[in-house]
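Protein chains: 2
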Amino acid sequence: MTAAATPVYFWEDFAPGSVREFGGLKVDKEAVLRFASEFDPQPFHLDEEAAKQSLFGGLAASGWHTCAMVMRMMCDNYLLKAASLGSPGIEKLQWLKPVYPGDVLRVRMTVLEARPMNSKPHVGLVRSQWEALATRADGNEEVVLRMEGWGMFRRREVSEAAA
Amino acid sequence: MTAAATPVYFWEDFAPGSVREFGGLKVDKEAVLRFASEFDPQPFHLDEEAAKQSLFGGLAASGWHTCAMVMRMMCDNYLLKAASLGSPGIEKLQWLKPVYPGDVLRVRMTVLEARPMNSKPHVGLVRSQWEALATRADGNEEVVLRMEGWGMFRRREVSEAAA
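The listed protein sequences correspond, in order, to chains A and B. If you count by this note's numbering, then the first sequence holds residues 9 to 171, one letter each, in order. If you count by this note's numbering, then the second sequence holds residues 9 to 171, one letter each, in order.
By construction, these hints were calculated from the structure, which means they are not laboratory data. Glycine included, every Cβ here is placed at the ideal spot set by N, Cα and C. Please note that a few of the clues may not be correct.
[What the hints assert, rightly or not] 30 Å max Cα-Cα, derived DSS-like pairs, lysine-lysine: (1) Lys89(B) x Lys128(A); (2) Lys60(B) x Lys89(A); (3) Lys100(B) x Lys89(A); (4) Lys89(B) x Lys60(A); (5) Lys37(B) x Lys37(A); (6) Lys105(B) x Lys89(A); (7) Lys34(B) x Lys37(A); (8) Lys105(A) x Lys89(B); (9) Lys37(B) x Lys105(B); (10) Lys100(A) x Lys105(B); (11) Lys60(B) x Lys34(A); (12) Lys100(A) x Lys100(B); (13) Lys128(A) x Lys60(B); (14) Lys89(B) x Lys100(A); (15) Lys34(B) x Lys100(A).
[What the hints assert, rightly or not] Covered stretches of chain B, going by a simulated chain A footprint (3 or more residues, C-beta under 8 Å): (16) 35 to 48; (17) 55 to 65; (18) 81 to 95.
[Unchecked claim] Coverage of chain A stretches by chain B, computed from C-beta distances (three or more under 8 Å per stretch; other residues unrestricted): (19) 35 to 48; (20) 53 to 67; (21) 83 to 92; (22) 96 to 102; (23) 117 to 123.
Generate the whole structure from the sequences, applying the supplied hints.
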């Protein structure tokens with residue numbers, strides 16, 4: 009569960025315009041209720057009947073739970089194999105549609121911009137868009153979350169020059 | 009753990025310029041490790057030694073865990089007593105400083121803007137800034153997270169007119 013001792017991906021591997029698609033995480037009802045109980049106990053995340061009366065139309069995952077599930081898929085697909093240094097933040101996080109138990113989530117990541125970090129020459133910044141797509145019980149797929157944000161990665165060239 | 013049957017707060021109660029301060033949640037190391045294991049198993053969130061070598065300088069909570077803890081404090085302070093209808097999204101989420109086990113977190117919420125929702129006349133939108141402040145082991149307090157985002161609330165006047 010920890011990053012590889014020798015990273016496979018460095019800053020140079022996130023080229024603007026590149027697209028990665030990954031995931032396939034089934035949203036589990038017990039997990040939805042557990043996350044909501046701990047962090048977001050609003051009725052539409054905890055109670056089937058209250059959720060039916062809400063704008064969600066049915067029991068829906070906390071938006072923060074969806075973010076956390078997207079993060080897990082990012083870790084499993086590339087972050088744990090990358091020289092990742094964390095993230096300074098997110099821009100334009102949109103919860104576009106509810107996420108329901110039984111949905112299967114996947115992620116489409118598009119690199120928008122990459123530049124070296126002025127204050128730390130061995131670090132590069134990558135700005136990406138992540139979209140979470142939910143396959144519903146009826147087989148339709150919808151974009152349920154969209155966000156843009158920054159990641160920090162060690163630079164391969166600088167790492168190798170220093171080695 | 010569910011919202012009051014009769015909400016105390018409606019859209020009209022979130023006036024631009026108003027400030028609420030609340031919270032006091034101690035960051036628990038086991039909770040940090042549990043969240044990271046499930047959602048963000050990067051070494052600096054799971055392993056003390058790896059974290060010391062990272063930009064964080066020590067074991068730090070996942071940024072998504074910090075968001076979730078802020079959400080819990082929002083629920084306990086006002087959301088569970090409010091005619092809350094969820095949120096369309098967040099702008100400018102910044103993870104400014106690491107959050108460490110033992111920190112005590114509180115939230116400062118400032119309402120920036122409020123307007124009725126064009127497409128749903130019984131709903132009002134509120135744009136707020138939330139800052140999370142961490143009191144460290146040495147007693148110093150720092151802003152560790154800042155975000156702006158939207159909440160949707162039922163309008164009192166419209167609710168009462170319809171009753």
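Consistency of the hints with the structure:
Between the alpha carbons of Lys89(B) and Lys128(A) the distance comes to roughly 46 Å, so the proposed pair goes past 30 Å and is violated. Between Lys60(B) and Lys89(A), the direct Cα distance comes to roughly 19 Å. Compliance with the 30 Å bound is thereby established for this hinted pair. The suggested pairing of Lys100(B) with Lys89(A) holds, with an alpha-carbon distance near 27 Å, which does not exceed 30 Å. Of the supplied pair hints, the one linking Lys89(B) and Lys60(A) holds, its CA atoms being roughly 19 Å apart against a limit of 30 Å.
Of the supplied pair hints, the one linking Lys37(B) and Lys37(A) holds, its CA atoms being roughly 26 Å apart against a limit of 30 Å. As the CA atoms of Lys105(B) and Lys89(A) are separated by approximately 24 Å, the hinted pair is consistent with the 30 Å bound. Taking the CA atoms of Lys34(B) and Lys37(A), the gap is about 28 Å. The hint holds against a cut of 30 Å. Restraint check: the Cα-Cα separation between Lys105(A) and Lys89(B) comes to about 24 Å, which is no more than 30 Å; the hinted pair holds.
A hinted pair counts as satisfied when its Cα atoms are at most 30 Å apart, and Lys37(B) with Lys105(B) qualifies at roughly 17 Å. Restraint check for Lys100(A) and Lys105(B): the C-alpha separation of about 20 Å stays at or below 30 Å, so the hint holds. Under the criterion of a C-alpha separation no larger than 30 Å, the hint pairing Lys60(B) with Lys34(A) is inconsistent with the structure, at around 34 Å. The hinted pair formed by Lys100(A) and Lys100(B) meets the criterion: a straight-line CA distance of about 7 Å does not exceed 30 Å.
Distance hint between Lys128(A) and Lys60(B) is fulfilled; the C-alpha atoms sit about 18 Å from each other, no more than 30 Å. The suggested pairing of Lys89(B) with Lys100(A) holds, with an alpha-carbon distance near 27 Å, which does not exceed 30 Å. With a CA separation close to 29 Å, the supplied pair Lys34(B) and Lys100(A) stays within the 30 Å bound. Counting residues of the segment 35 to 48 of chain B whose C-beta lies closer than 8 Å to any C-beta of chain A gives 5; at least three are required, and the coverage claim holds.
With 5 residues carrying a beta carbon less than 8 Å from a beta carbon of chain A, the segment 55 to 65 of chain B meets the three-residue requirement, and the given coverage holds. By the rule of at least three residues with a Cβ nearer than 8 Å to a Cβ of chain A, the coverage given for the segment 81 to 95 of chain B holds, with 7 such residues. For a cut-off of 8 Å, the count of residues in the segment 35 to 48 of chain A with a CB near a CB of chain B stands at 5, and the three-residue condition holds. Here the segment 53 to 67 of chain A counts 6 residues with a CB under 8 Å from a CB of chain B, which clears the bar of 3, and the coverage holds.
Residue count for the segment 83 to 92 of chain A with a Cβ under 8 Å from a Cβ of chain B: 4. That meets the three needed, and the coverage hint holds. With 7 residues having a Cβ less than 8 Å from any Cβ of chain B, the segment 96 to 102 of chain A passes the three-residue criterion, so the hint holds. Three residues within the 8 Å Cβ limit are the bar, and the segment 117 to 123 of chain A against chain B gives 0, so the coverage statement is violated.
Against the hints set out earlier in the document, violations occur for numbers 1, 11 and 23.
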